[in-house]
Each structure stands twice: as C-alpha cells, then as structure tokens.
Amino acid sequence: MRETRPGLLTLFLSVFKISAFTFGGGYVIVPLMRRRFSEELKWVAPEEMMDMIAIGQSAPGPIAVNTSILLGYRLMGLKGALVSVLGTALPPLIVLTVVSMFYDAFRESAWVAALLNAMRAGVAAVIADVVWTLAGGVFRKRRALPVALMVAAFLAVWAFKVSVVLVLLACGLAGFLDAWLRARRGGKEGAA
Amino acid sequence: MSLLATLFVSFFQVGLFAFGGGLAALPLIREQVVVIHPWLTMGAFSDLVTIAEMTPGPIALNAATFVGNRVAGVPGALVATLGCITPSLIIVLLLARLYAAWRDKAAFQGVLAGLRPATVALIAAAGLSIFILAMFGEGGVSLAGLDWVSLACFALGLMALRIWKASPILVIFACGAVGAAVKLAFGI
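These protein sequences, in sequence, are chains X and S. So the first sequence is numbered by our numbering: it starts at 1 and just counts up by one. So the second sequence is numbered by our numbering: it starts at 1 and just counts up by one.
Honestly, the hints are just simulated from the structure, not real lab data. There may be inaccurate statements among the hints.
Said to hold, decoys possible - Below, computed lysine-lysine pairings styled on DSS-like, alpha-carbon distance capped at 27 Å:
(1) S:Lys-105 x X:Lys-42
(2) S:Lys-165 x X:Lys-141
(3) X:Lys-42 x S:Lys-165
(4) S:Lys-165 x X:Lys-17
(5) X:Lys-79 x X:Lys-17
(6) X:Lys-141 x S:Lys-105
(7) X:Lys-42 x X:Lys-17
(8) X:Lys-42 x X:Lys-79
(9) X:Lys-141 x X:Lys-42
To be verified - A short, non-exhaustive set of chain X residues, derived as facing chain S with CB atoms under 10 Å:
(10) Ala-20
(11) Arg-35
(12) Asn-66
(13) Ile-94
(14) Leu-115
What the hints assert, rightly or not - If you only want the chain S side, here are some residues facing chain X, beta carbon under 8 Å, derived:
(15) Leu-16
(16) Ile-51
(17) Met-54
(18) Thr-55
(19) Pro-56
(20) Gly-57
(21) Pro-58
(22) Thr-81
(23) Ser-88
(24) Leu-93
(25) Ala-118
(26) Leu-128
(27) Leu-161
(28) Ala-174
Glycine is no exception: its CB is placed at the ideal position from the N, C-alpha and C atoms.
With these hints in hand, go ahead and build the complete structure from the sequences.
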C-alpha cells in the first residue's frame, strides 16, 4: 500500500519544504501536508490525516506545529515528532532572521510588495482546491449531520465572528452526542 | 529573570493559550510584547503582523522569531521559537497517545467526526478572507475595486491544480511572478 517506507530524512525535507515555501500560515500549510503525506507519499490514510488535522486544530499552539508533531509521532514515534517539528520550525527561524535584518528595505520595495500581493491569488487558489476536495468528501458521506456542522461552523466563524474554540467545542460535542445516541439505539455501525 | 528566560516564558504562554492557530496567537503576542513587556511599540507590532503574514511558515513562529531577534538577536529568536513550540510538544504528544489508544472507540470517533467538518469550515473561512484580500485589496468588496489580474491568476491557478494536479508551491510562485510582472509592466 505504501509507495515508500517512511524515512526521517524524507519526513524532515518534506515538512521543511512545505514550511519554507507556504505563505498564509497553518490553514494553508496543513492541507499541503495532507497532499504530500497522504496523496503523494501515501504514508497515512486520508481519513487518518484528517483526524490529525482535526486534533491539531483543536489543541492550543500553531496548527502547523501541532499537526507536524502528530504526523511525525504517528510515523516514527518520538524521534519522528522531534524531526518533524524541527523541519517545521527551522524555515521561519532562518527566513525571519534574514527579513528582520533587511526589514526597512524589504518593506519599501515596490517589487516585493507586488510579488507578495500577487502571490495571495495563488494562495487563494490553493485553498480553494483543498476546500473543494475536502468539502466533496464531507458531502459524499450522504449524512445530514456532517454537512450541517460544516455549513454552521463556516457561518459561525465567517459571518458571526464566533471564536474558533467555541465552534470546535460545539462540533466535537455534537459528534459525541451523535455517536452516543446511535450506540444507544443499538446500531453497531461505527460513527462516520 | 534574565531576558532570555523572560522571552521563553512569554512565548510559552502564547503557545499554551493560542487556540485556533497563528491568527488567534496575535492578540496574545501583542499582550506579551507590547503591554506586559516594553519590547515593541504598537507601530512595530503592526509591522510584525504584516511581516508574519506575508512571509512563509506558521504565523506564530514567524512572529516569535521576529520579536526574539529584535529583543535579543539570534539567541532571542531561538528561545522565543522554543517557548512557542514547547506547550505544543507536551500537549500534542499526549493527544497522539490518546488517539492511538482510543481511535477505535465509538465516542472518540464521534468527537472526531464532529471536528472534521468544522476543520473544513475553518480552512474555507481562512481561504475566503485571503481570496477577498487578493481580489479587492484593503478597500472592501466592490466591482470597481476588483483586481482583474489577480482574478485571472486565481482562475488559472485553480485550473492548474484541479486538472493537471500542479504543485501548489509552483502555482503560488507562478501567480506571484506573472501577476507582479503584469502589474509593474502596465502600471496597474
């Protein structure tokens, strides 16, 4: 099933590259990790990768750091977690150290400003692609609850500016109650 | 407490209490570096936010490195980053063990089944904010303010990703290079 065996060097280089070249923070980095580790390398099943992203978003701290720790730990234990977090943290250390040295020149360059501005369109396209794939997966389950939670969570965060913590708590609780009710009804089916 | 120890403790708190990723961390960072400690002025902090968002990598780590550098040079950057990561390492490794032990339990699967669609919604909301900023700039949504070059880059980029499975990093840089060249050449 796996195309290659998980190796520390590939893990390090993959997260390093994603962290070094991905603009827009954790919400953009994490989908790229999914693409790299579940689709390209096939080291983790897509469902399991989504679980890690969900846990990474629900825990405190930077989402990309959390997800890279979970991923590294799942693949190669504590050693994997440390290598993975190192790969994620090194690029910001290097890039921001250089940027803070040339801060004034960097801020006033018309070229840099135009480049960064235009790159936002590319970032938006990357996120649109990811959301397309992920939302498609939620719709394909053909269950009302996940779709309702997705739409409600989006409206809560986007339109009503509800805090992310509250949204995650409410959705986790709804999923828990759903599983509990279904277990009480005696169905042996696993929660979707 | 020495300066480096203080930096570590400040960013440890940021890492510990920032639920919802880097953007949620920014108010906590402001409190630590502008209000509690006299490390940055409010003007420098708003520059920090811009820089952390427009450089690659996790926003919270970008901010930690920038502040650490300003306060105590490269050792400061290392210490602030380490402080920001340490709570994650402890909490997330505990969660990873729970996940390994409980992943087959129906109740835990239920919680995850609720969190997964929320995760998609959060990514979509973050993406929509970036889309609007890319298409309309800071001026708000209006047809007159629509940036046609960015819209074309977005459409072509999305096509490249969906149809040809192009590399995301390549798409981002191609949009940046083409968009910037067109805008500077025609003075848009």
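Here's how the hints hold up against the structure:
no. : hint                  : in the structure
1   : S:Lys-105 x X:Lys-42  : holds, 25 Å
2   : S:Lys-165 x X:Lys-141 : holds, 24 Å
3   : X:Lys-42 x S:Lys-165  : holds, 16 Å
4   : S:Lys-165 x X:Lys-17  : holds, 18 Å
5   : X:Lys-79 x X:Lys-17   : holds, 19 Å
6   : X:Lys-141 x S:Lys-105 : holds, 20 Å
7   : X:Lys-42 x X:Lys-17   : holds, 18 Å
8   : X:Lys-42 x X:Lys-79   : holds, 20 Å
9   : X:Lys-141 x X:Lys-42  : holds, 22 Å
10  : Ala-20                : holds, 6 Å
11  : Arg-35                : holds, 7 Å
12  : Asn-66                : holds, 5 Å
13  : Ile-94                : holds, 9 Å
14  : Leu-115               : holds, 4 Å
15  : Leu-16                : holds, 6 Å
16  : Ile-51                : holds, 6 Å
17  : Met-54                : holds, 5 Å
18  : Thr-55                : holds, 5 Å
19  : Pro-56                : holds, 5 Å
20  : Gly-57                : holds, 4 Å
21  : Pro-58                : holds, 4 Å
22  : Thr-81                : holds, 6 Å
23  : Ser-88                : holds, 4 Å
24  : Leu-93                : holds, 6 Å
25  : Ala-118               : holds, 4 Å
26  : Leu-128               : holds, 6 Å
27  : Leu-161               : holds, 4 Å
28  : Ala-174               : holds, 7 Å
Comparing the model with each earlier hint shows no violations; every hint is respected.
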